[in-house]
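One line per chain: the protein sequences are A and B, in this order.
Under our numbering, the first sequence is numbered contiguously, ending at residue 185.
Under our numbering, the second sequence is numbered contiguously, ending at residue 185.
Simulated from the structure, these hints should not be mistaken for lab results.
The C-beta atom is built at its ideal place from N, Cα and C for all residues, glycine as well.
Careful, some of the hints might be misleading.
Derived Cβ-Cβ restraints for the label pairs, each shown as a range [what the hints assert, rightly or not]:
#, chain 1, residue 1, chain 2, residue 2, range
1, A, Glu133, B, Asp19, 22 to 28 Å
2, B, Asp132, A, Glu48, 34 to 40 Å
3, B, Glu79, A, Ser71, 53 to 59 Å
Straight-line alpha carbon distances no greater than 20 Å define the calculated DMTMM-like cross-link-like pairs of lysine to aspartate or glutamate that follow [to be verified]:
#, chain 1, residue 1, chain 2, residue 2
4, A, Lys70, A, Glu142
5, A, Lys26, B, Glu84
6, A, Lys157, A, Glu58
7, B, Lys105, A, Glu133
8, B, Lys109, A, Asp86
9, B, Lys97, B, Asp51
10, A, Lys26, B, Glu26
11, B, Lys105, A, Glu176
12, A, Lys69, A, Glu79
13, B, Lys105, A, Asp132
14, A, Lys41, A, Asp51
15, A, Lys172, A, Glu182
16, B, Lys105, A, Glu79
17, A, Lys41, A, Glu142
18, B, Lys109, A, Asp75
19, B, Lys69, B, Glu59
20, B, Lys109, A, Glu79
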Amino acid sequence: MDPIDTLRSEHRLICRFIDTLSMAVKELEEDRTPPPEFFGKSVEFASEFADTFHHRKEELVMFRQLAQKKSGAIDGRIEALRYQHDQGRSLVAGIRDSIGSYSEGDPTAIATVRENGAAYVSLLRHHIHTEDEIFFPMAREEMTDDEFAALTIEFDKERERLGTDTFKRFNKVVLELVAMLEDDQ
Amino acid sequence: MKPIETLSNEHGLIRHFLDNLTMATELIENGQHPSEAFFEKAFTFARVFTDEFHHFKEEYVLFTQMAQKKRGEVDAQLEALRHEHERGRNLIASMDKALPGYAVKDPIKTGEMLEHLGAYTALLKHHIHVEDHIFYPMAEKTLTDADFAAIAGEFAKQHEKHGGETFETCHKMVVDMGSILTHVH
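Starting from the given sequences, assemble the full structure and let the hints guide the process.
Given below as structure tokens:
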């Protein structure tokens with residue numbers, strides 16, 4: 001698959017995950033508490049799929065390639081996208097650290113999960129929109145076929161490294177998350 | 001009007017305000033840019049109406065009365081509600097700090113605005129839910145007619161202090177916020 005199409009298709013899966021997380025935040029707003037396993041799996045998805053699998057390809061492969069190509073002209077924008085990845089990681093870490101106390105009904109931990117969950121949803125939706133609408137079309141215009149071919153090879157290496165079934169595995173995780181919320185209602 | 005009815009009506013207006021914030025969040029998530037004026041109005045509403053007018057009556061009148069009546073039994077719950085008021089104030093202050101950067105479309109400050117907006121709306125929606133469904137019904141069961149008459153007297157003093165028209169002025173502010181959002185491109 002073309003590298004931009006690969007990233008876009010990963011965005012669609014991340015969007016489905018975010019929609020599910022947003023439903024869980026809504027439950028929390030109404031004083032219902034989805035099972036702690038839901039947030040455990042959400043952290044797994046955010047860390048392993050969104051971050052290690054997807055963002056890594058953007059940060060270490062595509063952003064780097066594009067930054068060189070534009071000779072500093074978009075460094076500020078790329079820095080902002082990287083910063084948003086960092087912010088996302090830190091919000092997810094906050095959720096991860098709170099799950100133990102969340103499962104014991106600790107109100108501070110529940111509040112952290114609720115607030116960090118809501119913040120993560122908004123941040124990632126905006127981030128994905130920016131990449132889909134501005135950054136990917138720019139990459140499409142700027143990069144040559146040879147460069148795309150080189151990107152494809154790098155992406156394949158990443159896929160090999162984390163397992164060729166990574167997308168399929170995390171697609172299943174999202175379906176499990178949806179089922180958990182449905183069972184909880 | 002009965003004091004609990006007064007507070008519930010105020011919650012209605014705060015919910016309307018939160019719906020505006022949610023709409024603004026969704027617009028930013030989709031790459032649009034609600035104006036600085038929208039957020040200036042929002043922060044004024046949060047400070048003047050939510051905090052000084054509404055939360056003040058809860059913290060210094062209703063919570064105090066309930067704490068005395070229940071003799072320590074609900075102190076932890078009241079402390080949690082007070083803590084959430086404080087947390088809301090901090091999130092508004094953080095958004096206010098990010099506003100100048102947001103106004104010039106700084107992507108990092110825009111991300112910060114989104115995170116705080118998500119956290120603030122989730123916090124307040126949950127807070128209002130808990131008060132409407134747990135705390136106010138508990139107050140209605142616990143307090144006597146004489147207690148409520150005393151609370152109504154204190155509320156009247158507060159309304160007097162704020163100028164009698166606070167609800168109407170702030171209601172207009174929320175309507176204006178909605179109108180600003182309909183013109184966002």
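Those earlier numbered hints the structure runs against, lowest number first: 11, 17
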